[in-house]
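> Mind docking chain B on chain A? Use the hints.
In the order they appear, the protein sequences are chains A and B.
Under this note's numbering, the residue at position 198 of the first sequence is numbered 198, and the numbers go up by one with no gaps.
Under this note's numbering, the residue at position 21 of the second sequence is numbered 21, and the numbers go up by one with no gaps.
For the record, the hints were derived by calculation from the structure and aren't laboratory data.
Quick caveat, the model's predicted, so the values are computed rather than measured.
Any given hint might turn out to be false.
Restraint ranges, calculated between C-beta atoms of paired labels, are given here [to be verified]:
no.: 1; chain 1: A; residue 1: Phe237; chain 2: B; residue 2: Thr43; range: 40 to 46 Å
no.: 2; chain 1: B; residue 1: Leu35; chain 2: A; residue 2: Ala47; range: 39 to 45 Å
no.: 3; chain 1: A; residue 1: Asp120; chain 2: B; residue 2: Ala110; range: 39 to 45 Å
no.: 4; chain 1: A; residue 1: Lys225; chain 2: B; residue 2: Arg139; range: 49 to 55 Å
Computed list of chain A residues with no C-beta within reach of chain B, every gap over 12 Å [claimed, not checked]:
no.: 5; residue: Leu25
no.: 6; residue: Ala47
no.: 7; residue: Asp52
no.: 8; residue: Pro92
Think of the CB as a built atom: it goes at the ideal place given N, C-alpha and C, for glycine as much as any other residue.
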Amino acid sequence: MTPEEILEKLHEKWDQLMAKAQHLLEVFNHTLDKISWLAGWIAEKAADFWNDHVVPKWQEAVDWMSEHWNVFGAPWLCFGAAGDWRTLVGQPVSERAGLATKGQLEVDTTWKGSAAQRYDDRLSQQESAIKGVSEQFAETIAAALTKVGAGIIVWWLGIIAGVGVLLICLAVATGEAVSILGLPAVPPTVLAGWATFIAGVLIGTGTLTALCLNAKGDLEGVRSKLSGYPEGAWPAFG
Amino acid sequence: MGTSRTMDERTAREAARVRGRAGVGAAVLSVVLGLLAGVFAATAPGDARTLLIAGCVLGLVGALGCVVVVVANRALLAEPAEPGPRVIAGTVLGGVLFAWLVSVVVVAFALQSLAWLVGGLGLVVLVLPAVVVAALTVRGPHPV
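The following block holds chain A by itself, in its conformation from the complex:
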């Protein structure tokens, strides 16, 4: 199953969940109607709990979902880009770092004088600048992309866990709602489902945010450590 198919499946599950929630509401109201003349206090207690606790959490979760539904991110693109930075930038440049070392050319040992000395001094700057491309930039960018990709996956897992537990709780609550004895247990079960959904979303979002901030900090750290690049530019060879 590809990640795109997983995302499509998640959309389907959310639609199912909304249908189940609607069905539960109908069953709950139907049972409330049936028992209100016989056991009014049970009906009243269940309805109060439902309106005061369940509905606000329910609404909060639905609002959040409709706002974030289309910004799910693509971790595989982050991982692919991280791999590209390592293999297409870091590795080839790293392999060439040795070419800027003194002694690679005959002229390095035969050329004498003040110009040759100046050339020697600049050669080491070139070598460290070339090494920095791999060690300082490519590796840090790849690691940051990896962290963001992993954060997106944990976010997905949090949402899938939340939606899954909510589906289970709604199914259980619907089973309870059809009987008079089970009715008082409906609102707490539904509340547990919505609370777990919100917990899953919050934990996933918190992890993603923390990993993104950490990656941002790493990238900013790289930008501020430019000792190998005088005035933020590639060292001149003139």
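The following block gives chain B in isolation, referenced to the frame of chain A:
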């Protein structure tokens, strides 16, 4: 008194039956979560792979916990007043949370980075289904 006890037991049996079904659903969900983490681990770069393998293991541990909760609820269905299954559900609750803490320590130790420690903490979502069904089983209702 006798009628009240009978009613308590009927309600408790009904609740145990429903929780047993929920436990089966939670076990399936945990397996799905664990496998998803495993699928992503297969294509993820080094550090992320370690985190996701830990997630895969946690999902499967959560599924195992859910299966134990299902068994505990079957026992409660037969004998609602028996305290043993409640203790087992409590042990599952503590066990999956302990497994999560172990995975956080393993990830933090293996990757030596604050970012991955936070990633490990986020893996708690993989044991959420087991935590919810175990907590519901401990909470009851149980006959007095």
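> A:Lys225 and B:Arg139, beta-carbon distance inside 49 to 55 Å?
54 Å, holds
> Confirm or reject: A:Asp52 is not an interface residue toward chain B, with every Cβ-Cβ distance exceeding 12 Å.
20 Å, holds
> Would the non-interface assignment of A:Leu25 survive a Cβ cutoff of 12 Å against chain B?
The assertion about A:Leu25 holds, with a minimum of 19 Å to chain B.
> Should the hint that A:Asp120 and B:Ala110 are 39 to 45 Å apart at their CB atoms be regarded as holding?
44 Å, holds
> Is the claim that A:Pro92 lies outside the interface with chain B correct, judged by CB distances over 12 Å?
Label holds. Min Cβ-Cβ 18 Å, cutoff 12 Å.
> 40 to 46 Å was suggested as the range; check whether the CB atoms of A:Phe237 and B:Thr43 agree with it.
Roughly 41 Å apart at Cβ, these two residues keep to the hinted range, so it holds.
> Just tell me: holds or violated, for the beta carbon distance of B:Leu35 and A:Ala47 against 39 to 45 Å?
Given range 39 to 45 Å: holds, Cβ gap about 41 Å.
> For A:Ala47, which was marked as not at the interface, is the minimum beta-carbon distance to chain B over 12 Å?
The assertion about A:Ala47 holds, with a minimum of 20 Å to chain B.
The structure agrees with every numbered hint stated previously.
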